[in-house]
Structure formats: C-alpha cells, structure tokens
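Visitor: Sequence lines, in order, name chains A and B. Residue numbering for the first sequence is 1 to 153, as defined by the working numbering. Residue numbering for the second sequence is 1 to 111, as defined by the working numbering.
Since the hints were made in silico from the structure, they are not lab data. Given the structure is predicted, the values throughout are model-derived calculations rather than measurements. The C-beta atom is built at its ideal place from N, Cα and C for all residues, glycine as well. Worth double-checking, as some hints may not be accurate.
Pair ranges (Cβ atoms, derived) [as the list claims (entries may be wrong)]:
1) A:T134 to B:E83: 22 to 28 Å
2) B:E105 to A:L153: 24 to 30 Å
3) B:R50 to A:T82: 29 to 35 Å
The following residues of chain A were derived to be distant from chain B, with all beta-carbon distances above 12 Å [as the list claims (entries may be wrong)]:
4) A14
5) I64
6) T87
7) E120
8) Y137
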Amino acid sequence: LPPSDESQSGYAIAQDITPDAAGIDALHALLADLWQRFPNDERPSPAWQAAFTTAVAEIASNIIRHSIPAEDDRARIHIATTRDSNTMRLVMTNPGRAFEEPSSDPTHQIDDPDPFDLPEGSYGLALARACLDTLQYERTITGDNTWTLSKRL
Amino acid sequence: VDATVAHHGTDIASVAFSGRLDFLSSSSAREHFSRAIADGHRKIVVDLSRVTFVDSSGLGALVAGLKSARQASGDLRIASAPEQAMAVLKLTSLDRVFRIHATVEDAIATF
Numbered sequence: 001l002p003p004s005d006e007s008q009s010g011y012a013i014a015q016d017i018t019p020d021a022a023g024i025d026a027l028h029a030l031l032a033d034l035w036q037r038f039p040n041d042e043r044p045s046p047a048w049q050a051a052f053t054t055a056v057a058e059i060a061s062n063i064i065r066h067s068i069p070a071e072d073d074r075a076r077i078h079i080a081t082t083r084d085s086n087t088m089r090l091v092m093t094n095p096g097r098a099f100e101e102p103s104s105d106p107t108h109q110i111d112d113p114d115p116f117d118l119p120e121g122s123y124g125l126a127l128a129r130a131c132l133d134t135l136q137y138e139r140t141i142t143g144d145n146t147w148t149l150s151k152r153l
Numbered sequence: 001v002d003a004t005v006a007h008h009g010t011d012i013a014s015v016a017f018s019g020r021l022d023f024l025s026s027s028s029a030r031e032h033f034s035r036a037i038a039d040g041h042r043k044i045v046v047d048l049s050r051v052t053f054v055d056s057s058g059l060g061a062l063v064a065g066l067k068s069a070r071q072a073s074g075d076l077r078i079a080s081a082p083e084q085a086m087a088v089l090k091l092t093s094l095d096r097v098f099r100i101h102a103t104v105e106d107a108i109a110t111f
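Excised from the complex, chain A in its bound form (with noise of 0.2 Å):
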C-alpha cells in the first residue's frame, strides 16, 4: 500500500487542508469522518464531538486570520489525528507567522450585563482551551507552527 493509504487506517487521519472556505469545509467533514470510524458503544457523545471540532475550527480560523499570510496561496495546513488509549488528539502544522498571545481573555471580563465594553472578537483562544484537556503551542527552527489539541475521551 502507497503510505498515504496507511495514514488513513483506524483513528489517524492525515490531510492537508487549503487556508480558505474550501479548506474550513475539508476540516468539518474531516472530523465527521473521524467520529464515523468509532463503535457505536465508543464514539464520543455529540457534545463531546462539538467541543472537539469547536476547538479544531478556532485554531484553524486562527491560523488562517493570523498565521498564513493572505498572499501566500501555496500554504497548507497540515491535518493529523491519532488516539492512543483515552484521549484524541489532533495536530495541526502550518509554515507563517508566530502565534502572539492576546493580552486578555474576554472571557473573564463578563461581570456586567452592559454589552457596551464587551469585545467583539478575541474569544477563540479561551473558547478553545475550555473545549479540550490541553492546547500546547511550539514554534520549529524551521518556521512552522505546531498546535496539539487533546481531549479525554
């Protein structure tokens, strides 16, 4: 079998997705092929399967806004999935910019129902670290940015 083939087996799904419309579309049909390739008595609950994706789609939104520059119409995005035991994991690798950290977390600035102050972006990041058990981030020697998300099944 050619490698591409035997990346494709059981839970690991290897893929190269386009930083665009068409890309986003690969991603979420990614994901529900994955969630078809457990038993029924495994497969992770709908919520569980909607925080998951929920994540994967702000990492991807946030590589695609911040990471990839626009003119760049050869980047990729690298898919890959695998579950060892109790937890899915999914890594995503694109060449771009360096990740920067926000500096706040709109999240935790909701006390008040006055939406006046309230962002009007810049929830992502917190979105997807409540959705998983661990978002990790590393910048290669080489230039590509590496995200790994992982969540207990």
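Following the hints, position chain B against chain A.
Guide: Relative to the frame of chain A, chain B by itself:
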C-alpha cells in the same frame, strides 16, 4: 452563510441564518444586522435553528449586532440555539449577556 430576513410589525426583524456562522461568514452576518437597524428594525431576533456551527467570530458578530441594536434603543435576542451554539455561548459567558429564547415567536413576544 445564508440569511432569511422577515419583518414583524414596524420595528422587529427576525434574521434566520443557515449553515456555519463562523469567521468566513461573520462579516456578512454583521451587515445583515446593520441593514436591519438602518431600516428601522432595531429589535432583532436571530434564529439559529438552522445554524450548524458557531465559532468565536460568529459570537463576535452577535455581540456587534447587540451593541448596534442597543445603541438604537432596541435589542438583539437569540432564538432556537442548537446544542453547539448554546455550548459556546455558555463557555464564553455570553449567555449572561444575550436574552435567549426557545423559539422566534417567544422572542418576538418579549419585545
């Protein structure tokens, strides 16, 4: 994201999105809210029943719409939020900011 806008009386509009309300569609959602408010429909009900996925940019569009509506002495209320939309509203504590109703009719009745 596709949007169907319906007017109810002189100042209420319901905006029903379908598909994903995410970073790719959030600016279109913001435009729908701005247009409704500019047309005098300052009381907006966002029908999420056919929305398959909401991300943080989608939430940002809802917050922007809420601010615009409140500035026009109106409001933006949410109806028929599916499980994933409700989960992200709760995780960001935005469920404490929006009035969230089971149906569009319920939301309209509160205006």
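Visitor: Now tell me if each hint is right for this structure.
Guide: Each hint, compared with the structure:
A C-beta distance of roughly 24 Å is found between T134 of chain A and E83 of chain B, which places it inside the suggested range of 22 to 28 Å. Take E105 of chain B and L153 of chain A: their Cβ atoms lie about 39 Å apart, and the range 24 to 30 Å is violated. Our hint of 29 to 35 Å for R50 of chain B and T82 of chain A holds, since their Cβ atoms are close to 34 Å apart. At the 12 Å boundary, the C-beta of A14 of chain A stays outside the reach of chain B, the nearest C-beta of that chain being 23 Å off.
The beta carbon of I64 of chain A sits about 7 Å from the closest Cβ of chain B, which is not more than 12 Å, so the claim that it is off the interface is violated. Residue-level check passed: T87 of chain A sits 21 Å from the nearest beta carbon of chain B, beyond 12 Å. Non-interface status of E120 of chain A relative to chain B is broken: a Cβ of that chain comes within 12 Å, the nearest being about 4 Å off. Y137 of chain A, annotated as away from the interface, keeps every beta carbon of chain B farther than 12 Å; the closest lies near 17 Å.
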